[in-house]
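Engineer: For reference, the chains in residue letters:
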Amino acid sequence: DTGVSQDPRHKITKRGQNVTFRCDPISEHNRLYWYRQTLGQGPEFLTYFQNEAQLEKSRLLSDRFSAERPKGSFSTLEIQRTEQGDSAMYLCASSLTTGEQPQHFGDGTRLSIL
Amino acid sequence: QKEVEQNSGPLSVPEGAIASLNCTYSDRGSQSFFWYRQYSGKSPELIMFIYSNGDKEDGRFTAQLNKASQYVSLLIRDSQPSDSATYLCAPGGGGTSYGKLTFGQGTILTVHP
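Heads up: the protein sequence lines correspond to chains A and B, in order.
The first sequence begins at 157 in this note's numbering and counts up by one.
The second sequence begins at 4 in this note's numbering and counts up by one.
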């Protein structure tokens, strides 16, 4: 049973560039979540999917952020026109659908904006 | 008032002692409560979850929940240096926020030999 997989592990880019991250959830998990974590803080919820449907988005998810899960399997998170404040760890998690199931996190993608 | 508050750290305990981590939350609709451990530079790792009032034990870990007081705690017995990490409390959203976790800022625990 493989865990949640995220790619890339690290991304360094210049301000203004677009970046895309990928998340592959645990295979039988229908729910997929994105969080962002900055140093010294707990993860902050960004958005989540049940199968291919995006069910909730945080106000943190500005127009520059978009997430997709087109076939209900892997998901992508894109940030357009990156800003210094986007530097953070982007975490993906997945869970089963029944009730309030525990979420299992991937290793994260660390984004650094130059 | 923050949605989830954890006791300010860092918390330092000697090896073999009991570490007590506390968390209060504001959303009365929360139905499930999760404790994650996060080592420096790593992602959160689930260690306990609890849904009902009372205690839940798993090895050296005990989670305690009191929904009336909006309080959840984690006790670590026989603390080991390998328990040194940040512990994150996360109530699961009920009501209209089903599926979303709201994390506290975390409590840094240091277990010294």
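These are calculated hints, taken from the structure and not from any lab test.
It cannot be assumed that every hint is accurate.
Stated by the list, open to error - Lysine-lysine pairs mimicking BS3-like chemistry, simulated, CA-CA at most 27 angstroms apart:
(1) A:170 with A:227
(2) B:59 with A:167
(3) B:59 with A:170
(4) A:213 with A:167
(5) B:70 with B:59
(6) B:59 with A:213
(7) A:213 with A:227
Remember, predicted model here, so these are calculated numbers, not experimental data.
Engineer: Each hint needs a verdict: does it hold in this structure or not?
Structural biologist: Here's how the hints hold up against the structure:
With a C-alpha separation of about 31 angstroms, the suggested pairing of residue 170 (chain A) with residue 227 (chain A) is violated against the 27 angstroms cut-off. Note on residue 59 (chain B) and residue 167 (chain A): the hinted pairing is violated, with a Cα-Cα distance of about 40 angstroms set against a maximum of 27 angstroms. Simply put, residue 59 (chain B) and residue 170 (chain A) have alpha-carbon atoms about 48 angstroms apart, too far for the 27 angstroms limit, and the pair is violated. Proximity of residue 213 (chain A) to residue 167 (chain A) is assessed by CA-CA distance (about 23 angstroms); at most 27 angstroms being required, the pair is judged to hold.
Taken as a hint, the residue 70 (chain B) and residue 59 (chain B) pair is honoured in the structure, with Cα atoms around 14 angstroms apart against an allowance of 27 angstroms. About 32 angstroms separates the Cα atoms of residue 59 (chain B) and residue 213 (chain A), which puts this hinted pair outside 27 angstroms; it is violated. For the given pair, residue 213 (chain A) sits about 19 angstroms from residue 227 (chain A) by alpha-carbon distance, which is consistent with the 27 angstroms threshold.
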